[in-house]
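> The primary structure of each chain is shown beneath.
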Amino acid sequence: MKRIAAALLEHRKLITLTFEIFWILFFLLDMLGNRSGSQVPQFVYVNF
Amino acid sequence: MPQFEFYSSLPYWLAFLAVLAAVRLLGSGRRVRQGVLLAASGLMLLALPGFTPVHLAILAVLILLSFAAGSLLGRPSDPPRPGRRLALSAGLIAATLLVLCFYKYGFFQRLVLGLPPLAGLGTGHVVRMVGVSYFTFKIIHFIVESYRSKIEGLDLLTYANYVVFFPAFISGPINRYNPFAASLRSGGGRSAGADLGAGAERIVHGLFKKFVLVQLLYPHILTNAASLKDLSVLGTIGGLYAYAFYFYFDFSGYTDLAIGCARLLGIDLPENFNHPFLKKNIRELWTNWHMSLTSWLVDYIYWPIVRRMRNIDVFRSHPIALSNAGMIITFIVCGMWHGEGLNFIVWGAYHGLGISVATVYQRAKRSLRSPGLQRYFRSRASAVVGVIVTFNFFALGLAFFVLDWGRLGILLRNLASRF
Chain Z
1 MKRIAAALLE
11 HRKLITLTFE
21 IFWILFFLLD
31 MLGNRSGSQV
41 PQFVYVNF
Chain A
1 MPQFEFYSSL
11 PYWLAFLAVL
21 AAVRLLGSGR
31 RVRQGVLLAA
41 SGLMLLALPG
51 FTPVHLAILA
61 VLILLSFAAG
71 SLLGRPSDPP
81 RPGRRLALSA
91 GLIAATLLVL
101 CFYKYGFFQR
111 LVLGLPPLAG
121 LGTGHVVRMV
131 GVSYFTFKII
141 HFIVESYRSK
151 IEGLDLLTYA
161 NYVVFFPAFI
171 SGPINRYNPF
181 AASLRSGGGR
191 SAGADLGAGA
201 ERIVHGLFKK
211 FVLVQLLYPH
221 ILTNAASLKD
231 LSVLGTIGGL
241 YAYAFYFYFD
251 FSGYTDLAIG
261 CARLLGIDLP
271 ENFNHPFLKK
281 NIRELWTNWH
291 MSLTSWLVDY
301 IYWPIVRRMR
311 NIDVFRSHPI
321 ALSNAGMIIT
331 FIVCGMWHGE
341 GLNFIVWGAY
351 HGLGISVATV
361 YQRAKRSLRS
371 PGLQRYFRSR
381 ASAVVGVIVT
391 FNFFALGLAF
401 FVLDWGRLGI
411 LLRNLASRF
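Which chain is which? The protein sequence lines are Z and A, in order.
All residue numbers for the first sequence refer to this note's numbering, where the first residue is 1 and numbers rise by one.
All residue numbers for the second sequence refer to this note's numbering, where the first residue is 1 and numbers rise by one.
Calculated from the structure, these hints are not laboratory results.
Since this is a predicted model, take the numbers as computed values, not measurements.
Some hints here could point you the wrong way.
As the list claims (entries may be wrong) - If we take Cβ atoms under 10 angstroms as the criterion, some of the chain A residues that face chain Z in the derived model are:
#	residue
1	208
2	211
3	212
4	268
5	417
Cβ coordinates follow ideal geometry from the N, Cα and C atoms, glycine included.
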């Protein structure tokens, strides 16, 4: 258990990036496949 | 000219890759690189929906005027006399603020154009200019620092790049001239590989926040509630909590994308967020939320006001009152910068008052003699309570930020009827 935790900690950057890229692709593909669904909302802070 | 939103559209990323290739491959000499970057920024801005060649021309005029003023103010030999320095700086700042007010405040725009006013603040815009709130603050920073003779390595190409740098154009960070100029000259002093790795990582974080977390939160934010008249107390609080996280992930996600893109181009931009919702009081939150704006307001609004007001007897003998008055005024200006409606001014005053109360509370804590209380204040439990209270203060205050007066009235009447 300790070795797994240590390995996770050592590779946390890689794990985080893999997790994020997976879900980015998932949501993007979902948006592409569901064109009638909600679009990406404009940035809140587009401040004129 | 094709039009696309920055960061959230495929055409933007294709255009960005072309810019990246041009800057990295063609820009072997420093001046060539700066020229390529400036041309790229101009083209990218013209691709923004609603940003016209007229806007670019106005920007160019402001850049040339402020650069000329900065050159005159920073002239080592035969500098202008002190009175003329002040007049030149004040004149340019006033002109920049006029541009900001014209594009930002509908009532002012209609006044200038000779059109009849419309009822209610926040209405009446004939034309807007994306990024105006940000580049005007950058220009004012440049003029003030030129007046103080603090600008280093001034040249037109660098300054023009500073104002129109496209990754930070629409929503900041509001970077400062000297570090930008140093970064542009040296390319960050790092290898291209280091920049590409760090920049790409930052972009992934930004895309995750924007395309995943924001998408999950968006349906639940208060402004998307079916009807404010039927919202329960818990529903209102939940909607505001969701808005607070949506606001944070959306804006910090944008900042990640801006910083990441800039890093890929070899430019360093300042950080804008440092875990603001984990801070123990509202003063600390604002030191870690939209940090580039907060530091700008402190440097160019708060300190000038406090230095002037120190000459007033009552404030000289009551420094805490002086600090609090300065903070409330600064945050009212912050509210006005965020939007035109009265609700933004109230939102700003709300945070100014909150920071003032927090300042008085922190001072009062230190004067308490009880060892038990002092142990509690240093404990983790006290920190957790502080974080919860601070988050709630920020989230509930968003009601003033996201709802105009009319809709806020509907919500408050609805909530009052439930008690």
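> Against each hint, give a clear statement of whether it holds in the structure.
How the hints compare with the structure:
Hint on residue 208 of chain A holds. Least Cβ distance to chain Z is approximately 4 angstroms, under the 10 angstroms limit. At a threshold of 10 angstroms, the smallest CB-CB gap from residue 211 of chain A to chain Z is about 5 angstroms, leaving the interface hint in force. For the restraint placing residue 212 of chain A at the interface with chain Z, the shortest Cβ-Cβ distance is roughly 5 angstroms, inside the 10 angstroms limit, so the hint holds. Given the 10 angstroms rule on beta carbons, the hint for residue 268 of chain A is violated: about 20 angstroms separates it from the nearest Cβ of chain Z.
Checking residue 417 of chain A against chain Z by beta carbon gives a least distance of about 30 angstroms; that is not within 10 angstroms, so the hint is violated.
When the structure is compared with the earlier hints, violations turn up for hints 4, 5 and for no others.
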